[in-house]
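Asker: Sequence:
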Amino acid sequence: MRKLLSLLLVVVLGLASLVGCSGNNTGQNEKKEPMIVRHNLGSDPETIDPALNAAVDGAIILVNTFEGLMRLDENDQPIPGVATEYTVSEDRLTYTFKLRQSKWSDGEEVTAHDFEYAWKRALDPATAADYAYQLYYIKNGEKFNNGEVSADEVGVKALDDYTLEVVLEAPTPYFLELTAFPTYFPVRKDIIEAHGEKWALNPETHISNGPFKVVKWEHNDVMELVKNENYYDKDRVKLDGIHFYFMTEASTALAAFESGEVDYIESVPSEEIPRLMEESDEFKIFPNLGTYFYVFNTTKEPVNDVRVRKALSMAIDRKAIVEVIAKGGQIPALSFVPEGITEPDGSDFNKNAKDYGLALTPKVEEARELLAQAGYPDGKGFPKLTVIYNTSEGHKAIAEAIQAMWKDNLGIEVELQNQEWKVFQQTRDNGDFVIARHGWLADYVDPMTFLDMWYSTSGNNNAHWKNEEFDRLINEAKSSADEKTRFEIMHKAHDLMMEEMIVMPIYYYTNPEMIKSYVKDVRVSPLGFVYYDEAYIEK
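0 is the number of the first residue of the sequence shown in numbering that gives the first Met the number 0; add one for each residue after it.
Don't read these hints as lab results, they were simulated from the structure. Quantities reported herein were computed from a predicted structural model and do not represent experimental measurements. It cannot be assumed that every hint is accurate.
Said to hold, decoys possible - Simulated pairs of lysine to aspartate or glutamate, DMTMM-like, Cα-Cα distance not exceeding 20 Å:
| no. | residue 1 | residue 2 |
| --- | --- | --- |
| 1 | K379 | D344 |
| 2 | K383 | D431 |
| 3 | K395 | E365 |
| 4 | K215 | E228 |
| 5 | K519 | E73 |
| 6 | K350 | E482 |
| 7 | K465 | D431 |
| 8 | K97 | E147 |
| 9 | K31 | E45 |
| 10 | K318 | E260 |
| 11 | K406 | E365 |
| 12 | K283 | D304 |
| 13 | K226 | D407 |
| 14 | K395 | E412 |
| 15 | K491 | D481 |
| 16 | K30 | E537 |
All chains, full assembly: derive it from the sequences and hints.
Answerer: This is how it looks when you write it as structure tokens:
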């Protein structure tokens, strides 16, 4: 998922949680103080429509307001959600889910028809969902998305109100994990048909089925959630609500945290990290399974030349960026798929990757030679281009460092431009850029989550790169029933995208955050999600 995060910064699989006991010490005649966590999310989500969201900020809202057939436990393994049980056919192609009786936040029953409608809506080309390809695992999902078959031919069907049958294109080892991903969440047909895409922008019509519901959304300020009393497992939910704030500057958020205005901040200024590590028990570095990188628009000059892309990628000092600027325990990235994904033999996919010519420190001579071969000896004649990034002190510091490295090592000058989050997303999605900041966190624990985003028709392919051989390898990997063979094919796909250098890997994320000690049992996942379904406050 797009870690178009304001400053999420590593990669060690695992999960972190904060533990304690709840308590509100009130007198007999005193009104009980609501138990509300104040969380600074950073950016105001572009959308909280499960079909349309493609960013972590929106996903954090969604996993707390919706629930899929399955949900993820503390180890990011699937456990029953709306589905209480499932069966799988012998050929591993047909899943039959039995749903529990549960309700939407307005009291209506959640049914299998809601899931069928939601999945087909996400695949419908008219919806234009970036994550439509996440449902290509379903029989005829891709063909429907491409307008080749009708919705009736897609392999998902409500057999009755509480039974959902799903037929896959090929055995998919991580399909249950996918059913816990926001794109697979149910939505209400009657609500969407009555209000269109605006249904998800208005708290009154944002009907959900998870532990919390949205009751207020003041854009660029705050979103308020309250406990969903119609949630089937409401007794497990201890909080009365969550207030998500949208302070984009890490320094502002830290000041709010230290003054007691918020309880949780998702990023801290990198220059403050040494002090916080020394002074504060509330400073935490959580693992993230993701990569911070720059993406090249391969259709735009001069980065439509692979030699230029390689030269730019070889000329930066990843070690300095991590140690001097980011300072949050990040790992310099020499390939795209991060550390932390295990192969069938127990080895790490990242460690088995080839050498793609990148290094911790700049390879200046090789980079200059490539740039000269592309027609820009010593940087002469290199066109003035702009690198865009979303507004953030951390992104700005990294961009300025890279700008200086390119000037010193290659003799080229680039301009920098920051854009507010929603504008930035639109600019990048529309391809109106040459080089852009990017970040990606795993949607599930498999290399495919870092690879199929570059499929030629993927809505998340911001490189605008089209390669028939890469597409063929992705299709072949997804249709392979043998795990060893599947990983071998994914390595070939990874090799191809890295040899083409469609991205410039910078580092593997960590997540430096601040959480008040009285906030207990918040679950922070390496996939970027923050779960409040079992959290509480003890002061």
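Asker: Give a verdict on every hint.
Answerer: Comparing the hints with the structure gives:
no., hint, in the structure
1, K379 x D344, "violated, 49 Å"
2, K383 x D431, "holds, 15 Å"
3, K395 x E365, "violated, 27 Å"
4, K215 x E228, "holds, 17 Å"
5, K519 x E73, "holds, 14 Å"
6, K350 x E482, "holds, 18 Å"
7, K465 x D431, "holds, 17 Å"
8, K97 x E147, "violated, 30 Å"
9, K31 x E45, "violated, 35 Å"
10, K318 x E260, "violated, 35 Å"
11, K406 x E365, "holds, 15 Å"
12, K283 x D304, "violated, 41 Å"
13, K226 x D407, "violated, 54 Å"
14, K395 x E412, "holds, 16 Å"
15, K491 x D481, "holds, 16 Å"
16, K30 x E537, "holds, 17 Å"
Of the hints listed earlier, those the structure fails to meet are numbers 1, 3, 8, 9, 10, 12 and 13, in rising order.
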